[in-house]
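A.B. asks: So the chains spell out like this:
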Amino acid sequence: MSDLTLTVMRLGFLAVLWLFVIVAVQVIRSDLFTTKGATRSSGQRGASAAPAASGAGRAPQGQPGATAQQQSRQRRGQPTHLVVTQGSLAGTTVALHGQTVTLGRAHDSTIVLDDDYASSRHARIYPDQAGQWTVEDLGSTNGTYLDRQRLTTPTPLQIGVPIRIGRTVIELRK
Amino acid sequence: MSTFDVSSGRTPTTGRRRAVGRSSAGDAPNRRNTELLMLGFAVLVPILAYANVGLAMDGSLPAGMLSYGLGLGALALVAHLAVRRFAPYADPLLLPLATLLNGLGLVMIWRLDKAGKLLIKNFPAAANQLMWSGIGLAVFIGVVWLLKDHRILQRYTYISMVVALVLLAAPAFFPSRKEDFGAKIWIRIGSFSVQPGEFAKIILTVFFAGFLMVKKDALALASRKFMGLYLPRGRDLGPIVVVWLLSILILVFETDLGSSFLFFGLFVVMLYVATERTSWIVFGLVMSLGGAAVVASTESHVKTRINAWLDPMAAFAPKPPPQSSEQIGQTLMSLGSGGTVGTGLGQGRSWLIQFAAKSDFILGSFGEELGLTGLMALFMVYGLVVQRGLRTALAARDPFGKLLAVGLSSAFALQVFVVAGGVTGLIPLTGMTMPFLAQGGSSVVANWALIAILLKISDTARRPAVEPAAAIPEPAGPERYGPGSGAPDQSRGASS
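Read top to bottom, the protein sequences are chains A and B.
The first sequence runs 18 to 191 under the numbering used here.
The second sequence runs 61 to 556 under the numbering used here.
Errors might be hidden in some of the hints.
[What the hints assert, rightly or not] Pair by pair, the computed Cβ-Cβ distance ranges are:
1. Val346(B) - Ile176(A): 26 to 36 Å
2. Val25(A) - Val301(B): 55 to 65 Å
3. Val42(A) - Leu309(B): 34 to 44 Å
4. Tyr218(B) - Val25(A): 54 to 64 Å
5. Gly177(A) - Gly350(B): 27 to 37 Å
What the hints contain is simulated information worked out from the structure, not anything from laboratory work.
Where is the CB? At the ideal position from N, CA and C, for every residue including glycine.
All chains, full assembly: derive it from the sequences and hints.
C.D. replies: Shown next, in the form of structure tokens:
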């Protein structure tokens, strides 16, 4: 074997190895941009994609980006997320941008509860005039519990206090 | 979301994109043809390497090229058909990436076999390794076929804990032999030896995933904040202390730095992912550093490793200090002589790594013959495997699947880090194997099983729902998603 052939093979092999890596990355890229929608729509429909979709359709969503960020920077220590900690949606997170979050089995709710003990319009969580997040039961059959207390009036929410709706537990997080 | 976590935060943008994607959800592509194409490529690269070695060493194409190539191709094809049949929506890249690594490892082992007597204690190992790869692929197919749903594994949370503990503890009770070079990580029955730690890695991940899924709320929420750190309650601290003690015990009784680091690191990573609490990482680092420092100052085997890491060239001094080892020095020299583009396959002098050139130090052999360029490509391939695993975790809908996928891919990543870091002198050397590349039956079989479980999780995660997307019929809801429908803690919330 001549040296030239060996050198060509040596560099050629490295080129092929890197070509493999690049093709693999291309596969990932196409995976991201072509099937993402399909995967999401199948994957998250019942869970958190639905709130995002309905949230996007909701009226005051036009200017969320800049203002919401400003707000959150101004008010440090304010909750920024609503997290489902128990129930079939456990792990779902909804970012709070100052809009009302509705909870219930109705599929236009922000968080669609997949829960036999939930009513279709069960409760809502919204910021009151002072900007304090408040939870209100919307006349549900089985009630909404803040920690152990059944709600009767709109009640201010504290960070980390669990809201129980049927099998689902939700709480505010920073 | 600022952290990588188990939750699945959505912004309005993804919501809108989703709405677009919904229309095409009916014909969600399953990417199997892409996988086949990539698999063909992944078989071709090792065949090319094989030809390259033959031409460089003998001046002719190796005689076994056709049969080895066809053998690897046939194995890969069978695995692909199994995936097509039993996990049609699985990730398209995991199988080709693993095949490429396994094939390249086989070529390098065969090439070192050909170095013959130049390598001390050189037993031909390529045929043996090919057999183990075949067994590994059979296990892969078996897992893909028999594991109908990864959530079944959740039922065996505590059984897997016991099994993993037994597997981890077993080698300490088997007589060690002189050839084991200090670490007691093998079980020997006659001439047959198994490294149970490799399998314990997977089984322990199953346990961690099942355990943390149930306990994550207690660990994440029931804590006090102190100096910016969340201090968990004493009783929640229990499990982490037990795992820490276990890893220290491994270190002391089996003198195996690598497994110890792997298991503890795996637990800390999964704790962090499950609870999103940075304080766990701080605790983990402090505890592992503390433990390692104490053990390193008492165990002579570990001390030797640390000395060799601090001064790899000390062993070549005219009067080498008593506790020194020349292995790292030799490997660094082979990496150095490889340079940027390497000496070319079959043209290096990897046999100068006297010890374990095919197993622990195979990365040194690759670094010499493929150079930095080739080594980086290999690391990229490992990185892509880990990336696909983490991507699977993000896409998984059930918390157990998320944690299991994160755990398996971080176990894989930690193992690559421990070996590559050890060989390149970044961290003290440990006796672990490079997944898929290095010689060693247990390692190959266990890693194929790991890839198979990841594939099954990604199949479940990427599978489109059966129902059309338009409406959400309420009664169908629970069965269709049932994320964590077998979760034991679900009934707690039903206080209404």
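A.B. asks: Within 27 to 37 Å: is that where the Cβ-Cβ distance between glycine 177(A) and glycine 350(B) falls?
C.D. replies: Given a distance of about 31 Å, which is inside 27 to 37 Å, the answer is holds.
A.B. asks: At the C-beta level, are valine 346(B) and isoleucine 176(A) separated by a distance inside 26 to 36 Å?
C.D. replies: This hint holds: roughly 28 Å between Cβ atoms.
A.B. asks: Is 55 to 65 Å right for how far apart the beta carbons of valine 25(A) and valine 301(B) are?
C.D. replies: Holds - the Cβ-Cβ distance for valine 25(A) and valine 301(B), about 59 Å, lies within 55 to 65 Å.
A.B. asks: Between tyrosine 218(B) and valine 25(A), does the beta-carbon spacing fit 54 to 64 Å?
C.D. replies: Holds - the Cβ-Cβ distance for tyrosine 218(B) and valine 25(A), about 58 Å, lies within 54 to 64 Å.
A.B. asks: Is the gap between the beta carbons of valine 42(A) and leucine 309(B) within 34 to 44 Å?
C.D. replies: At roughly 42 Å between Cβ atoms, leucine 309(B) and valine 42(A) fall inside 34 to 44 Å, so the hint holds.
Every hint from the earlier list agrees with this structure, and none is contradicted.
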